[in-house]
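Top to bottom, those sequences are chains A and B.
Counting in the working numbering, the first sequence runs from 2 upward without gaps.
Counting in the working numbering, the second sequence runs from 293 upward without gaps.
Pairs of lysine-lysine, DSBU-like flavour, derived with a Cα cap of 35 Å:
#1 B:K349 to A:K57
#2 B:K349 to A:K71
#3 B:K363 to A:K100
#4 A:K57 to B:K347
#5 A:K100 to B:K362
#6 B:K345 to A:K100
#7 B:K305 to A:K110
#8 A:K100 to B:K347
#9 B:K305 to A:K100
#10 A:K100 to B:K295
#11 B:K295 to A:K58
#12 A:K100 to A:K57
#13 B:K305 to B:K363
#14 A:K71 to B:K295
#15 A:K71 to B:K347
#16 B:K295 to A:K57
#17 A:K100 to B:K310
Hints were generated in silico from the structure; no laboratory data involved.
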Amino acid sequence: TQLLEQSPQFLSIQEGENLTVYCNSSSVFSSLQWYRQEPGEGPVLLVTVVTGGEVKKLKRLTFQFGDARKDSSLHITAAQPGDTGLYLCAGSSVSGTYKYIFGTGTRLKVLA
Amino acid sequence: DVKVTQSSRYLVKRTGEKVFLECVQDMDHENMFWYRQDPGLGLRLIYFSYDVKMKEKGDIPEGYSVSREKKERFSLILESASTNQTSMYLCASSFTYAEDYEQYFGPGTRLTVT
Chain A
2 TQLLEQSPQF LSIQEGENLT VYCNSSSVFS SLQWYRQEPG EGPVLLVTVV
52 TGGEVKKLKR LTFQFGDARK DSSLHITAAQ PGDTGLYLCA GSSVSGTYKY
102 IFGTGTRLKV LA
Chain B
293 DVKVTQSSRY LVKRTGEKVF LECVQDMDHE NMFWYRQDPG LGLRLIYFSY
343 DVKMKEKGDI PEGYSVSREK KERFSLILES ASTNQTSMYL CASSFTYAED
393 YEQYFGPGTR LTVT
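Isolated chain B, as found in the complex (with noise of 0.2 Å):
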């Protein structure tokens, strides 16, 4: 059965603390991906990984980083956790050649920052 594990389901955090997020995928996918997921808006994109030590930027990256030094394992860092980052935070993956690009997602985070 395919997996995706996030390290915390819920997570509480101040202001300007360093927050790191870590997901692992059991399935020996290429693609990782970071999604923020926020009511009415959707999922979007924050950073994405093809392969080890390789990563591009989605869509609204600021404020976060990520590492993937193995590939089974995708780390969101939050460098300095502010309110507005306060959200569900999802990770997924997927091989590069699959017939229908089939995202696997993790259950996700439930980030607060007070």
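Looking at chain A on its own, in the form it has when it is part of the complex (with noise of 0.2 Å):
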């Protein structure tokens, strides 16, 4: 069975601190994403990468898929209250499927 651990497991900031969260496995992923998650909702997509390397950016949020596909990490910098939640990485083992298995979680507190 394949496994995605994240670190860490819980972060707890300041507003204006940078942060990074890891999303590591042993095995090979076709395609990454990261979601985040608010109390009371499903989670919601992010962003997917697809290639090893890859770098995306989304406002003040980095993704980056590790150079063997093994995997990735989300930076977000000068964290605001409203980035608050709980992030999901998922992977995709076989090229162009739909079915993703989901990382342990971070759950990030950004305080004002």
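With the hints as a guide, dock the two chains, each given alone in a separate frame, to form the complex.
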């Protein structure tokens, strides 16, 4: 069974700080997604990366897919209280599949 | 606006009861999924369906079954609820040929089995 481990599991920081969340596996993925989930809601897609080494930016969020396509990171610059939520990575091992394995999640709290 | 709806936000059932969780999507998506979400374990796939009347087991199908009689509706059935099935259940749908393989999630059903 493939596993996606995220670290840290919990993170509490002050507004304006930077942070990085990691998603690691021993398996190779053809694509990797990052979702954010807010309390009482389902996860919402932030980004999908498909090429080893790919970097995508979404305002203050920077996503990177590892060269070997086994890991990914999410970096947030100048975190804001609105970034608070559960961040989930999800990987697909077969090209073109619609089935993803989800990571264990990182719960982020940004304090004003 | 795309939408995935789940029949209940909260459910409390007794051990041994048969439980039905309903999910409806209005986006004409081919694929639908049922996950359970537990703290520290992320989302784990129970079953998914890639077409009407088609289904495949996910990673944790034991104790569950599913039904998809219409394209827009995917039901999760707990044949005989047990306390270890207390969890948050999330339904999702996706379009097979979407470039980013985005899954759209419902708000979840928090099920408590006593």
